Structures are given as C-alpha cells and as structure tokens.
Amino acid sequence: MIGVVLSILIVPLAAGLACVALPARAAAAVTVASGLASFALVLAVVPAAAHHDLSYLSYLRVDALSAIFLLATGFLYGAVAMYAVGYLKGHHDRRFYAGLNLFAWAMLAAPLMSSLALLWIAVEVTTIISALLVAIEDTDGAAEAAWKYVLIASTGLGLALLGTVFAYYAGSQVLGEHYNLAIGPLIAAGPHLPHIPATLAFLLALLGYGTKVGLFPVHTWLPDAHSEAPTPVSALLSGSLLAVSFYAILRFYQFTAAALGSALPRDALLAFGMASLLLAALYVFGQRDVKRLLAYSSVEHMGILAIGVSFGAPVALAGVMLHVLAHAAAKGNAFMGAGVFTVKFGSKQISALRGGLDLLPWSGPLFLLAVFALAAMPPSGIFRSEFQIVYGGLAAGNYAAAAALIAGVTVAFFGLTASATRMLFTPAQLRARSGISRGEPSAWMVVPVIAGVAVLFILGLHPPAELNGLIHRAVTELGAA
Amino acid sequence: MSAALPIPVIQLLQVLTVAVAAPGVTGVIAKVEARLQGRRGPRIAQPYYDLAKLFRKEALAPEGASWFFLAAPLIAVTCYLTIPLLIPVLTSYGLPLGYMGDILGGGFLLSLASFVVATAALETGSPYAQLGSSRAKTFSAIAEPVVLFVVFTVALLTGTDLPYALAATVRSSAGQVIRPAHLLAAAALFMVILHETGRIPVETHTGTNEFGMIEEARAFEHSGPYFALLRWGGQLKQLILFTILADVFLAPWGLASTQRAADIGLAIVALLAKAVAVGCAVAVIDNSFAKLRLFKITEFVSGAFLLAVLGVFTLYLGGG
Amino acid sequence: MNLALTDPALTGTVQAPGVYEGVANVIAAAMLLIEFGMLRQALARDQIRLYAAQSALLSVLAIVIAADRNLPDLYALAALSAGLKVVAVPLVLRRLLGRPGAGSAPDEDEPAGVAGSQTLSPASAVLAGIVLAAYGFFCAGALGIHGPAAPATALAIAAAMVLVAFGLMIVRRDVASQAIGFFSLENAISLAALVVAAGLPLILETAFLFDLLVAVVVFGMLIRAHHTKAESLSTADLTRLRG
Chain X
1 MIGVVLSILI VPLAAGLACV ALPARAAAAV TVASGLASFA LVLAVVPAAA HHDLSYLSYL
61 RVDALSAIFL LATGFLYGAV AMYAVGYLKG HHDRRFYAGL NLFAWAMLAA PLMSSLALLW
121 IAVEVTTIIS ALLVAIEDTD GAAEAAWKYV LIASTGLGLA LLGTVFAYYA GSQVLGEHYN
181 LAIGPLIAAG PHLPHIPATL AFLLALLGYG TKVGLFPVHT WLPDAHSEAP TPVSALLSGS
241 LLAVSFYAIL RFYQFTAAAL GSALPRDALL AFGMASLLLA ALYVFGQRDV KRLLAYSSVE
301 HMGILAIGVS FGAPVALAGV MLHVLAHAAA KGNAFMGAGV FTVKFGSKQI SALRGGLDLL
361 PWSGPLFLLA VFALAAMPPS GIFRSEFQIV YGGLAAGNYA AAAALIAGVT VAFFGLTASA
421 TRMLFTPAQL RARSGISRGE PSAWMVVPVI AGVAVLFILG LHPPAELNGL IHRAVTELGA
481 A
Chain P
1 MSAALPIPVI QLLQVLTVAV AAPGVTGVIA KVEARLQGRR GPRIAQPYYD LAKLFRKEAL
61 APEGASWFFL AAPLIAVTCY LTIPLLIPVL TSYGLPLGYM GDILGGGFLL SLASFVVATA
121 ALETGSPYAQ LGSSRAKTFS AIAEPVVLFV VFTVALLTGT DLPYALAATV RSSAGQVIRP
181 AHLLAAAALF MVILHETGRI PVETHTGTNE FGMIEEARAF EHSGPYFALL RWGGQLKQLI
241 LFTILADVFL APWGLASTQR AADIGLAIVA LLAKAVAVGC AVAVIDNSFA KLRLFKITEF
301 VSGAFLLAVL GVFTLYLGGG
Chain C
1 MNLALTDPAL TGTVQAPGVY EGVANVIAAA MLLIEFGMLR QALARDQIRL YAAQSALLSV
61 LAIVIAADRN LPDLYALAAL SAGLKVVAVP LVLRRLLGRP GAGSAPDEDE PAGVAGSQTL
121 SPASAVLAGI VLAAYGFFCA GALGIHGPAA PATALAIAAA MVLVAFGLMI VRRDVASQAI
181 GFFSLENAIS LAALVVAAGL PLILETAFLF DLLVAVVVFG MLIRAHHTKA ESLSTADLTR
241 LRG
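Residue numbers (the numbering used here), protein chains in the order written: chain X, 1 to 481; chain P, 1 to 320; chain C, 1 to 243.
This is chain X alone, in the form it adopts within the complex:
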C-alpha cells in the first residue's frame, strides 16, 4: 500500500514537471493519463483505508477521513483533466497543464500529510499555484480576481498558521518540546491539552482555513476567483480545493473536540455555516454571470458542510462525508457544463447564453441534470447527503437550525434553477437570430460530465458498500457526539 500512496504523491508531480518541458499536445496527453491514473490509485487506497489507518515514513498518513477527501479530489482531477483537453482545443498551453497537474498534486498531498504543519504548507502551495492559474487567461478581470484571491487567501492562511502554532504549543505541553505536530498523537493526548491554547488554535484555524473554504465573512474572494478562472480550474477550485480546506478545519475540529468537548467548535461552525448558507442563498438571485452563480452556490454548500458538522449526530456526519463527494461531482459537472456554454457562446453572461437544449444536444440536457442535481433534486447524491444532514439535525434537537437549512437550500434551489432554465430554454424568435450552429464543441468536454452525473446518481441511489464502510469509519473518527 505504501507504493500506492507514494504514487499518488509522485504521479501528478512528475506529470506537472514534465509538462513544463513537453510540447503542448504531449502535455495534454500526460495530463489526462496522470488524472486517470491518480483516480485509479485513490480508488485502490479506499478499501484499505476503510479498515485501518495507514502510516508511512512518519509524515504520511491515510485514514478514512483523508480517503474521502482524496476520493473527491481524485475523481475531479481525472474528470477535469479530460475536460481540459476539450476546453483548450486549438490553443493548448503547456503552462496551463503544468499548473493543473501541480495544483492537483498539492490538493492530493494535503490529506496525506500527517503533520498539521505540512498540511498548512500543502494548502499554501495550493493557494499559490491556483492563484497563478486564475490569472493565466490574462484578462483584466482575471488579474483583479487573482490579486484579491492570493492576498485574502494568504492572509487567511497566515491566521491559520498562527492557529497551527498555538496547536503546537498545546501539543508540546503534553508531548514534549520537539513535537512535530502529528495529528494522531495530538488527538490521543486530547484530554490533557491545555484549554486556552486549544480554543485559540481552533478559532484561528476556523477563521483562517475558513477563508479558503469560503465561509462568510471571509468569502469575498471566492466569487471573483471562481468566475474569472478558466473553467477546468474553476471546477477544481470549487469541487476540490474548498473541500481540502474544509478537511483542514476538520482536523482541528478533531483534536479540539478531544480537548475541550465539542460544544464550542460546533457552535462556531454553526454560526459560520448558517451565515454562509443564508448569504449565498440570497446572492444566488440576480447573478448575471453563470460562473459567479455557481461560485455562490459553492459558498452555500460549504455552509451546509459546516452546519452538518455542527449537528454532531452520526447520521449528520455521514451526510457531511457523502456531501463532500457528491458536491465535488455535482459542482464539477455544473462548472464543466457551464464551460461548454461559455466556449460555445463566447460569453459568461447568462443573458448571452440561450437555447442550450437545442444547440447543445448532449451538454444542454446534461447541464440541466447537473444543475438540478446540485440543487438537491432526488435521486442525486446531494439530495441524499442533505437529507441525512437535516435528519441528523432533527435527531440532535437542533430544530431551528435544521429548518433554516431547509429554507436556505430551497431559496438557493429557486435561484439556481431560474438562471439555469433561462440558459436552456429559448423563446422561438431568438432561436432563429442567434446564428450559432447546433453541435458540441468537443467530445472531450461531454464525457467527463456524463461520468460525473452517473457518479452522482450512483451516490444518491445506492452508494457502494465499500464507500459506506469508509464513511462509517470516518464518522467514528470524527467522534460523533
């Protein structure tokens, strides 16, 4: 198994470095190969991780929680790698492919790190690389979005670093001065940790990593960055990077709950999550840019994740884990579908995207499915996970929060579907005037979306038994209250 884990680390890195030197088409091929290979490797790790923790080389660690986030990233990496080939058809750019591979490498490395310090470094690396990727299209909007993103996210990570320092302090009081911030010993030493540094560590980490997750009020960079980036990058940002940053918060949650009990962390998560959900649900209305719309939807879903963890009931936590996977697939689909629209119609503004169902025989219906799935229509995985979260909330007695959750999700549903249907259905008189021919821009952009939608419905209807085992183990690790 160590070979598999090491390969997960090495393959994307090698691909990224290779892309710098290769000609553009070869770089595209290497990227696709790397993406699919990484997904396969991650799938290979899942059965082992569902049964016991894996530790190698004193700095690598895979447990069920990591495996879930690895799955989310691995799947999107594979899908987006294929999608990118179609998106860049005609103007392949090896810097883009190199960046994409390195970005995925950093996101895959983060859940594998056993030390909070290395986790921070991995997340910082993702910030840096993704900032360059956001700016790669060199438009005015992209430059502005990249600057806001890198400044706000790095500052937030600075706070998270401070939180990590305090976590080290708390740990070193029990584990000795040369403690290397390993997560396992820290959780084990939980009850002995001094309270104030642990609280401080959690709050700073929540605010700091929360900046990268996109929690209100530090989400302001998110709509800009996710909308101005090239679509494959947006899909990775929304689907995987937000999740990996949330993984970091979960690690801090683990040891803080062990040290202080879970009351304070859960309250904090509930506050941030509820604010994010309600704000995003409102902002989803009146968006004129399709990718910005999807970005706000990401904020909403991250809020749902936070709320789910705050409920604390085992079924809610299971819902959170499933939601991570389902959201990765659903958001990836939505962005990829939207990307097809932008390539076909040459604009991101919703008002310019009309008649999808007629002009895009595959992507139109797929986008419709994707958006409905994202908005929690059964039987998508999102519906299942949100149902579990609400059920958990009611079981834990958080009636008000559960009701607010349902309300927020409903509002967002209306916002999303209103805009999406505007993109897909055209009045008859506009159809003739558009002058755009019917047909898909590229098959490479359709296949990943089909795969994604399929995965989403599998997750919703009948998750595989191995996955259920993995989720079950992850829930016990998080320590259901």
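Wrong hints could be hidden among the right ones.
[Claimed, not checked] For each label pair, taking beta carbons as the anchor points, the in silico distance ranges come out as:
| hint | chain 1 | residue 1 | chain 2 | residue 2 | range |
| --- | --- | --- | --- | --- | --- |
| 1 | X | Y399 | C | A142 | 34 to 40 Å |
| 2 | C | K229 | X | E466 | 46 to 52 Å |
| 3 | P | A277 | C | K229 | 52 to 58 Å |
| 4 | P | L36 | C | S121 | 31 to 37 Å |
| 5 | C | I203 | X | Y399 | 48 to 54 Å |
| 6 | X | G479 | C | I203 | 49 to 55 Å |
| 7 | X | G397 | C | K229 | 29 to 35 Å |
| 8 | P | A277 | C | V19 | 22 to 28 Å |
| 9 | P | T119 | X | P194 | 58 to 64 Å |
| 10 | C | V19 | X | G397 | 57 to 63 Å |
| 11 | X | T421 | C | A142 | 50 to 56 Å |
| 12 | P | S134 | C | T239 | 40 to 46 Å |
| 13 | C | S121 | P | L148 | 39 to 45 Å |
[Claimed, not checked] With a straight-line Cα cutoff of 25 Å, these simulated SDA-like cross-link-like pairs (lysine to any residue) come out:
| hint | chain 1 | residue 1 | chain 2 | residue 2 |
| --- | --- | --- | --- | --- |
| 14 | P | K291 | P | F139 |
| 15 | P | K137 | C | F138 |
| 16 | P | K291 | C | L120 |
| 17 | C | K229 | X | A451 |
| 18 | P | K296 | P | L54 |
| 19 | P | K296 | C | S121 |
| 20 | C | K229 | X | G141 |
| 21 | P | K296 | C | R40 |
| 22 | P | K296 | P | H205 |
| 23 | P | K291 | C | S124 |
Calculated directly from the structure, the hints in this document are not laboratory data. The model shown is predicted, which means the values in this text are computed figures rather than measured ones. Where is the CB? At the ideal position from N, CA and C, for every residue including glycine.
Using the hints, position chains P and C against chain X.
Chains P and C alone, transformed into the frame defined by chain X:
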C-alpha cells in the same frame, strides 16, 4: 577635604549648577556643531556674553500688552529654576524640598512655563509671535501626552512617582537598563527633547526661518532683559531636560551618594559631562538630518507618542 | 541632620525580567516599531528595506533564543531565515517591483513610488495602529500563555504586530504595500512561533521558509501583471468584480 555640606547648601547648589551651566551647555553644542561642519565656531562662553549684553539693553513692550507680557518671562524662569529642586541633579538621595513635587509635578511646571510664554506671545497681537505660539501649542497637544506616558512608565517601573526612585532602580541591575519599557521611554523622551528645545528635525536652531520657526517666534516681541530671561529660560529648559534624560533614564551614575563636598563636586562635573554628551548627540543629529516640513512634525511627535505608549504597554503586561 | 541615605520609598521596584528576557523583549519591540515605520513609508523601496531590517531582527532573536535555551537547530534556522528573508526576498521584490516593459532607460529598475496611496495620513495611521496594537496586547496578555522560549511580552508584541500588519494592508491602496504588509504579517507570525514553538523540528521550519519564498515569487508575478495592465500600482480601480 571631605567636609560634609549641609543639605540646604546642596539644594542651592543644584539650582545654581543648572542656572549657571545652562548657557555654557548651549555654547558647547554650538561649538561642536560648528566643528562638525568644518567651521571654527563661536567661543563656548558666547551665550554668557549675549545674556549680559541683553540685560543692559532697553526693554520695550508693544502697545496693548498687559502686565502679563512682562511677567511671563519671570514666571517661566521661576518655574525652570524650581525644577532642579525636584529631580536628581547632583545627588542620588532625595533632598527635603525634592518631595515638594514628583516627576508629574516637574512635567507640570515645564508645561506651565511653556504655556505662560505662549500666552504672552499671543497677547501681543504680532503675527510672527502668534504664529509661533499656535504652532507650538498644536504640536504640544501630542507632545505633552508623551511626557505623561513617560511619567507613567516611571511610575509603573518603580511603583512610585519619584524620579529618584527610578534612578535607583536603573542603577540596581543590568536587566533594568535593557528592558524595552525603559529604552522606549528614554527614546520617547529624547524625541520630546528634540521637540521642546527646538532642534532638528523640528526647527532649525541657527537662523530664523520664518516658515518653520516655532520656539524662536514666541520670543519675538520681548526685548532687553525680558528677552534675556526668555533666552536663559530656554537654555535652562534644555539643560533640565538633558538632566532628566541622563540622570533618570540613561546614565544615573556619578551622582553623589553622600554629603561630602568632594562627592558633590564630582557630581557637578559628572552632570556637566553627561549634559555635554547628550548635547553632542543632538549636534550630530542637527548635522545629519533635514528639518521636517511643518505638517510632518505631527508624524514625528506621533512617533514619540508611539514609543511612549508601547513602553507603557510592554510594562503593563508585567514583562517588559 | 542626616537624612537616610537610602530612601524607604524605593521598595516598590518592579522586578526586572532578566538580561535575556530583556534583550528578547527589546528585539520584539523593535520589530513592532519597524511595523509602524512601514505605515509611514511612501516608497516601496523603503518598505522593502524596512522588511529586510525586520527579518534581520527576527534572525537575531532566533540566535538569542538558541543561545539561551540551547537549541542548536535554531542557529541553522536563523542563518537560513536571514539568507532567505533578508537577502533573497528583498532582492526578488525589488526586481519584480521595478517598472515593467519600457526597458529603454537603463536604470528603470527603480521600484515605483506609492505615495498618495494611503487612505489615512501617516500620523492618523500611527494613532490607529496604536489602538490596534493596544487591542492585540491586552488580548494576548489576558490569555496568559507563557512560552518556554521567550517571555509572554514577546507573544503580546507578536499579536500586536499581526494586527498592525492587517492595519497596514487595510490603509494602503497599492499592491506593493499590501504585499509587503502580508510579508510582515508572516514575520509577526514567525515571531509568535519563535516564542511559542521554538522546538519545532528544523525540517518543518525549513519547509515554511521555502514556501514563503515561493509565495513571494508568485506575489511578485501577480504584482507585475497588475502593474503592466493598469500602469500603476494602485488598487483603486479594481472594482470590476462586484456583487
């Protein structure tokens, strides 16, 4: 020759030392500055000659000025001559009249003198004098809280308000010298000194530049003996501030701990040496920097305020 | 008439922290002062110099702590940190902040001035900074965390420095000042790490440092992109993306 001097004599000596030496210190600073510039410079005793000349001249007052205009220089000099009674000038132990006022009292007297002179200048109605007064008071608005915070630092460091106590504390161990609160307060006080004595970067001491003058302008309308008193008062203020900086903060060594005449004599020499040292530092700064434009002086004084506030903060947390 | 030569009122002296602690506190206080100095500077070049000075002080503090607490790792860390933050990063920043494009004038590598980009005058900014620093001081002091390596005051100073660095990023409207504000934020957090986490294994600290270097490069590239597009370092026009 170890006759013990009676205490009243020592107290008188404190005041006399400051009164007599003040113009001399000014003369030394002028000479050092000139030498640094490659000139020969005026003789060191020049300020004495200047004061003597001014005392012989006729006194004039503008029309409409009241008795306050004439009384102000006298009040100012009286305040300045009182302060040496309160601060450690020659001795490391407290003298009886020294308990008349603590360091807060000393700061108050300094402000009173400054206020009186500024008001007298305002009273004249002359444009330059008013200009100087208003500028001086504007910058004092930030500078005087600095003095207060320095006082607070002293108070927090020693638990009392007496400058003697701080001097003893600083002498007690090396750790006391390098604690950040102490260094910050000393730095803040130094910046206040530059501001109060009208040195670069606040004001040019050589020549009157009517766009920039602050201290110089306040004395514009006085003449003859009153002008001499104002000049002397300014020099007294300079030496007093130097003494506070040296004897309380930076170098409280060389003070007499007994009443023997030899020790007192040594203390006088040490005081003059320390004052000249501070004066040399001021002269070097005079020659190294340019005068700040008026609106930037607020930045300078707020910098001093920052240092003083930080000194109090680091102390208040019980560490610095 | 023999007055007591020792004054009985002198017994209220506050205990001095000791030479080592005093030095550590002084260095930390100097770093905070440099942070305030950055609030004043108008030229990017001067801000970079202040940042270099601040990083140098951090290395000196690391050496002091290493000497006192007998942590040989910290010597290596101090050397590395000095090499990176005092030499490499300012060099990279100066190159990247120079005027782009042109190339006609031979000395066009002069970093641009950012005067006029402040929303508050320097004096007001310093006063606002004092308020922020006070808040940071007293919050950190109230926590009562005592690091084994350096005294609690240094931690409070680090917290104040973090807040003042945030203030610097807020009151300045140009990308260079914001970037340097961010780097000084990293310095402040490194100071806190020295106080609280001096024993962190060297490999992790080294990784942090190189990560910082990469971040600097990326920041610089983005600044350059912005500078080329907007012909200025000001962020006042970054208002395209709203809602």
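Given hint P:F139 paired with P:K291 - CA-CA distance at most 25 Å
15 Å, holds
Given a hinted range of 22 to 28 Å, is it respected by the beta-carbon distance of P:A277 and C:V19? Holds - the Cβ-Cβ distance for P:A277 and C:V19, about 24 Å, lies within 22 to 28 Å.
request  = Indicate whether the distance between the beta carbons of X:G479 and C:I203 respects the range 49 to 55 Å.
outcome  = Roughly 30 Å apart at Cβ, these two residues miss the hinted range, so it is violated.
Does the beta carbon distance between P:L36 and C:S121 stay inside 31 to 37 Å, or does it fall outside? 34 Å, holds
Range hint 34 to 40 Å (beta carbons of X:Y399 and C:A142) holds or violated = 36 Å, holds
- Query: Okay, C:V19 versus X:G397 on CB: inside 57 to 63 Å?
  - Reply: 58 Å Cβ-Cβ, so the 57 to 63 Å window holds.
| query | Given a hinted range of 40 to 46 Å, is it respected by the beta-carbon distance of P:S134 and C:T239? | reply | 42 Å, holds
field: Pairwise hint evaluation, C:S124 against P:K291, where the allowed Cα distance is 25 Å at most
entry: 21 Å, holds
Next on the checklist: Against the 25 Å threshold, does the CA-CA distance of C:K229 and X:A451 hold or violate the hint?
Outcome noted: Between C:K229 and X:A451 the Cα gap is close to 40 Å, so the pair fails against 25 Å, i.e. violated.
- Query: Taking 25 Å as the top limit, are the C-alpha atoms of P:K137 and C:F138 close enough?
  - Reply: 32 Å, violated
- Message: P:K296 and P:L54 were given as a pair; does the straight-line alpha-carbon distance stay at or below 25 Å?
- Response: Measuring from Cα to Cα gives roughly 35 Å; hence the hint is violated.
- Are the Cα atoms of P:K296 and C:S121 separated by 25 Å or less? 10 Å, holds
When each numbered hint is compared with the structure, violations occur for hints 6, 7, 13, 15, 17 and 18.
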